[in-house]
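*Asks:* Using the sequences plus the hints, can you model the full thing?
These protein sequence lines map, in sequence, to chains A and B.
The letter at position 271 of the first sequence is residue 263 when you use this note's numbering, and the numbering goes up by one with no holes.
The letter at position 219 of the second sequence is residue 211 when you use this note's numbering, and the numbering goes up by one with no holes.
These are calculated hints, taken from the structure and not from any lab test.
Keep in mind that this is a model prediction, so the values were computed, not measured.
Each hint should be verified, as a subset may be incorrect.
Copies of the same chain look alike in the list, so a pair counts if it fits in one copy or across any two.
SDA-like mimics (lysine to any residue), calculated; alpha carbons at most 25 angstroms apart, straight line [what the hints assert, rightly or not]:
#  : residue 1 : residue 2
1  : Lys196    : Ile383
2  : Lys273    : Met247
3  : Lys119    : Ile382
4  : Lys279    : Arg266
5  : Lys237    : Arg281
6  : Lys396    : Cys223
7  : Lys196    : Lys396
8  : Lys196    : Val48
9  : Lys391    : Gly379
10 : Lys332    : Lys386
11 : Lys73     : Lys279
12 : Lys73     : Arg226
13 : Lys391    : Met378
14 : Lys237    : Lys391
15 : Lys386    : Ser199
16 : Lys371    : Ile393
17 : Lys93     : Lys119
18 : Lys391    : Ala225
19 : Lys215    : Pro354
20 : Lys196    : Asn55
21 : Lys196    : Thr44
22 : Lys27     : Arg266
23 : Lys371    : Glu317
Number of protein chains: 2
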Amino acid sequence: MSYGNFAVAQSGGPTAAINATLCGVIEGAFLKGRKIYGGINGILGVINDNFTDLNVTFSNLDNMQLLKNTPSAYLGSCRYKLPPVESNPEIYENIFANFEKRNITMFIYIGGNDSMDTVTKLSAYAKEHNKNVCVVGVPKTIDNDLMGTDHTPGFGSAAKFVATTVSEIARDCAVYADKSITIVEIMGRNAGWLTAASVLARSKTSSAPHLIYLPERPLSAEKLISDVENCPARNMVIAVSEGIKTPDGNYFSNMECLAGHDEFGHAQLSGSARVVENILKEHFGRKTRSIELNVLQRCGSHFASLCDLNESVKIGKAGAISASEGKSGIVMGFERSNTKYYSTKIIENEVCDVANLEKTVPDKFISPCGKDVTEEFIKYCKPLIMGEPIITTKDGIPKHIALKIKK
Amino acid sequence: MSYGNFAVAQSGGPTAAINATLCGVIEGAFLKGRKIYGGINGILGVINDNFTDLNVTFSNLDNMQLLKNTPSAYLGSCRYKLPPVESNPEIYENIFANFEKRNITMFIYIGGNDSMDTVTKLSAYAKEHNKNVCVVGVPKTIDNDLMGTDHTPGFGSAAKFVATTVSEIARDCAVYADKSITIVEIMGRNAGWLTAASVLARSKTSSAPHLIYLPERPLSAEKLISDVENCPARNMVIAVSEGIKTPDGNYFSNMECLAGHDEFGHAQLSGSARVVENILKEHFGRKTRSIELNVLQRCGSHFASLCDLNESVKIGKAGAISASEGKSGIVMGFERSNTKYYSTKIIENEVCDVANLEKTVPDKFISPCGKDVTEEFIKYCKPLIMGEPIITTKDGIPKHIALKIKK
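*Replies:* Below, the structure written as C-alpha cells:
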C-alpha cells in the first residue's frame, strides 16, 4: 500500500476522452483520501517542477463534469522522450526529488505507446534506486493501436466523429445528379482502426463509404482505379487512411511532398486523400474532391461516445487505485467479456508488453478484397461509439474548462 | 386564393437546415389540405417531369422529425440556371405543362441568390402567359449573403458548427508548450459572414480565434505578418475566409493554383488557409498548420442550431401559405424585432430585390483594424446559434431519412 500523494500528467496527441481519464484518476485519488497534483505538459512539468493543485478545482462536481466533456488535454501535453538513465541521470534525480518534495508516491501517466516508454523508464528507475513511487500508465489514443487492451480510451469518440461525419458528407455528396467521388482522409499512421470505423457510417439509407483503404494493405493506382470502376454508386465516398502505402511500401502522401519526422522518428503525414483525388480525377474526369478530417476527429467532443467517456473515467480511476495498491510498471487495459452483450473489465499489463509497440488491424477485420472491412470488425467496433453525453452549452457552444496557462 | 396542388424543390449548395424548410413547406401544404409534390434535383426535376409524392411519407410525423434533422437536400439539388425565355421558350412550356399535369398551382423554390433567378423567370413567365401558378422563393444558404432578410436559414447551424469547431481546435492547439499558429479556412465566397461567426468560439476560457479575416477587407502579407507579430497568444488561431483577397483584388487562393468557375461564373476557391500558412511558416518558422473545414460546415447537422431549424420550418410554412394566398414573384425573409429579446417575423420581398444580389458584411460589423469583428456583430449573430435539436441515433450515429435515388 502506498500512503503518499498522487501526481498525474497527460502526454501525446489530444483526444476527446483524455480529460475523462483525468477525471477518473482524480476520483481515484479522492476515493483514497489523498492529494493529487497535475504535472503541466506531461513529464516536462514533472521535470521542471511545474505542477497544479487539482484538489480544490475538482472537489466541485460541476467542474468535474465539464472536465469530462472538455476535449484535448487539460494539463497540456508533450512529445518528450526521456533519455536513457545512463546518459542523463540528473533528469531522473530531478523527477524523483520533485515527487519527494510533495510526498508524491503514486504517478499516473496518461498517454499512447510512446508515453508508455516514460512509464517503463520511471518505474525501472524507482525500483533500482529504491524510490517509494509507483508508476502506472493509463492508455489513450484515437489510433487504437496499443497492445494489451481490447481498445483504447479516445478511440470510440474519434470513431463516432468519423462515422457521423462520413454519414453527413455522404448526404452532401448525393445532392447533385452528376457522378462524383469524394475522398475522406482519416488519421492513423500505420494502423487503420479509425479509417476502418468509417464503415459505421453505413445505414439503411446509405452505403457510403463505398471503399475503405487501410495502411495494412498496399494499394496500387491500378487497383484503386479498378475498384472505383467496379463501384456502381453514383456519388462515391472513399475512406482512406493518412498512412496508405503503395505496394513497394511508400506512403501515398510521399508522392506529393517530402514528409518530415516527429521527435519519435515517425513520418509526419498529410495529403494521401489529395494524391488519391489526383489519380482519380485524371483517370475518370468526374467531379472529385478530397476532405481531410484533420484534428477535428480527435478534438470533436460535442458528439463524443458516452461509452468511451464512461470507460475512460473508469480506467483512470482503476489506474489510481492500482498505484495505491503498490503496483508499478503496469499499464491498464480493457478486456472484453465473451458474452452476448458488450461489457469490459479492467486489466493490468506489464509495461514492457505495451510500450513502443503498435497493434495494427488484424487480418480477420480486413476484407480479402482489400477495399473494405469485415462484419466481424463492425461487431467489434459498434459498441464503442454508443451513446452521447449531455453537453452543457454557454451562448450556444459547448462549455469547456481550462487551466490558466502562461502565455 | 389558389386551389390546386403544391410543388417544392431545393436548389444550390446543401445546408443543415434546407430540409427543415422542406418540412415547413410540407406542413403548409397539409395545413391547406393540398397535395404536395417534390421536384427531384431542383428545377431540373420540374423540367424533366421527375417528381416524388411527398404526401404519404410525411404524413408520418416520425419521418417529418427525421427530415428536420437530416442534412443536405432530401430532394437533391442542382446548379442549373434557366435560359432567358426568348432563347428557349420550350423549357418554360415544358415546366408549366408539367405543373398543369398534376394541377400544381403553387411552386415553392428553396435556394440561394442564384436560385432566386429561377423564381424571377418563372413568376414573370406565369404572369405574362396567364398561367395559374404562384411562384414563391424561400431562402437558404450558409453564406448569409441574401438581401431582404435579417439572416438566412442555414446560416445559424453553419455558424454554430464553425464556432464549436474553432473552440475545440483552440483546445487542441493549446496542449503543447511551444508557440504555434493554426489557420482555419471557412466558407464564404465574397461575404465573410460565416468566418465572422467564428468569433462566437471565444469564451471566458479561450480568446481564440485571435485574428479574423473577411473577404470584405483586403489583406496584404505585410499586414498579416504584423498582426501575428503583435498578437501575444502562445497558440494562435486565425480564422480566414476562403475568399480573402490581396489589396490589388486577387484571391489568396489564386496565388497557389488556378481557380475554376462554376455554372454561375463564380470563381471556385480553395486553399486560402494554405497560402496564409506558407506565408507565416516562412516568416516565423514556428509550428504552423492549416485546417479547411470544407463541406463539414454545411452538412454537420448533429449539432445544428435549434433556432435555425425552427425558423427554417417557420419560413418554409409561411412560403407555402403566401403562395396559397395568390402571392407570386416573392421571396420570404426574416425581420428582426427591435426589442430587448430576440424574435423575428416573416416578411415578403419582391424577388427582384433579392435575386442575383449579394449582401456582404457591413462596415459596422467589421473592426477598423481589419482583423476582427465588432461587439455589434456578436450581438447580431449570437441568438442565431442558440439551442440544439434532440438527435435520434441508430447504432450510435444520427439517423437520417433519404429518398431512394436512381444510381
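*Asks:* Does each hint hold? Answer for all of them.
*Replies:* Hints versus structure:
Taking identical chains as interchangeable, the C-alpha atoms of Lys196 and Ile383 lie at most 25 angstroms apart only when they sit on different chains, with a minimum of 17 angstroms there against 28 angstroms within one chain. Within a single copy, Lys273 and Met247 get their C-alpha atoms as close as 16 angstroms, and across copies as close as 22 angstroms, so both meet the 25 angstroms cut-off. For a Cα distance limit of 25 angstroms, the shortest separation of Lys119 from Ile382 qualifies neither inside one copy, at 43 angstroms, nor across copies, at 53 angstroms. Proximity of Lys279 to Arg266 under the C-alpha cut-off of 25 angstroms is found in both arrangements, the shortest distances being 13 angstroms within a copy and 22 angstroms between copies.
In this homomeric assembly, Lys237 and Arg281 come within 25 angstroms of each other (Cα to Cα) both inside a single copy, at 20 angstroms, and across copies, at 23 angstroms. In this homomeric assembly, Lys396 and Cys223 come within 25 angstroms of each other (Cα to Cα) only across copies, at 18 angstroms, whereas the closest approach inside a single copy is 52 angstroms. For the identical chains of this complex, Lys196 and Lys396 are inter-copy neighbours only, at 11 angstroms across copies versus 47 angstroms inside a copy, given an alpha-carbon limit of 25 angstroms. Proximity of Lys196 and Val48 under a CA criterion of 25 angstroms is satisfied inter-copy only: 19 angstroms between copies versus 49 angstroms inside one chain copy.
For the homomeric pair Lys391 and Gly379, the shortest alpha-carbon distances inside one copy (19 angstroms) and between copies (13 angstroms) are both at most 25 angstroms. Taking the shortest alpha-carbon separations for Lys332 and Lys386, only the inter-copy value of 19 angstroms comes in at or below 25 angstroms, while the best intra-copy value is 40 angstroms. When the C-alpha separation of Lys73 and Lys279 is checked against a cutoff of 25 angstroms, the pair qualifies only between copies, where the shortest distance is 19 angstroms, while the shortest distance within a copy is 45 angstroms. When the C-alpha separation of Lys73 and Arg226 is checked against a cutoff of 25 angstroms, the pair qualifies only between copies, where the shortest distance is 23 angstroms, while the shortest distance within a copy is 48 angstroms.
In this assembly of identical chains, Lys391 and Met378 lie within 25 angstroms of each other by CA distance both inside one copy and across copies; the values are 22 angstroms within and 13 angstroms between. In this assembly of identical chains, Lys237 and Lys391 lie within 25 angstroms of each other by CA distance neither inside one copy nor across copies; the values are 40 angstroms within and 34 angstroms between. In the homo-oligomer, the alpha carbons of Lys386 and Ser199 lie at most 25 angstroms apart only across protomers (15 angstroms), although the nearest pairing inside one protomer, at 36 angstroms, exceeds that limit. In this assembly of identical chains, the alpha carbons of Lys371 and Ile393 lie at most 25 angstroms apart only when taken from different copies (24 angstroms versus 35 angstroms within one copy).
Proximity of Lys93 to Lys119 under the C-alpha cut-off of 25 angstroms is restricted to the intra-copy arrangement: shortest distance 19 angstroms within a copy versus 87 angstroms between copies. Taking the closest pair of Cα atoms, Lys391 and Ala225 come within 25 angstroms of each other only across two copies (21 angstroms); inside a single copy the shortest separation is 40 angstroms, beyond that limit. Taking the shortest Cα distances, Lys215 and Pro354 sit within 25 angstroms of each other inside one copy (21 angstroms), while across copies they are farther apart (52 angstroms). Only between protomers do Lys196 and Asn55 lie at most 25 angstroms apart by alpha-carbon distance; the minimum there is 14 angstroms, versus 40 angstroms within a single protomer.
Within a single copy, Lys196 and Thr44 get their C-alpha atoms only as close as 49 angstroms, which misses the 25 angstroms cut-off; across copies the closest is 20 angstroms, which meets it. In this homomeric assembly, Lys27 and Arg266 never come within 25 angstroms of each other (Cα to Cα): the closest approach is 50 angstroms inside a single copy and 46 angstroms across copies. Taking the shortest alpha-carbon separations for Lys371 and Glu317, neither the intra-copy value of 35 angstroms nor the inter-copy value of 54 angstroms comes in at or below 25 angstroms.
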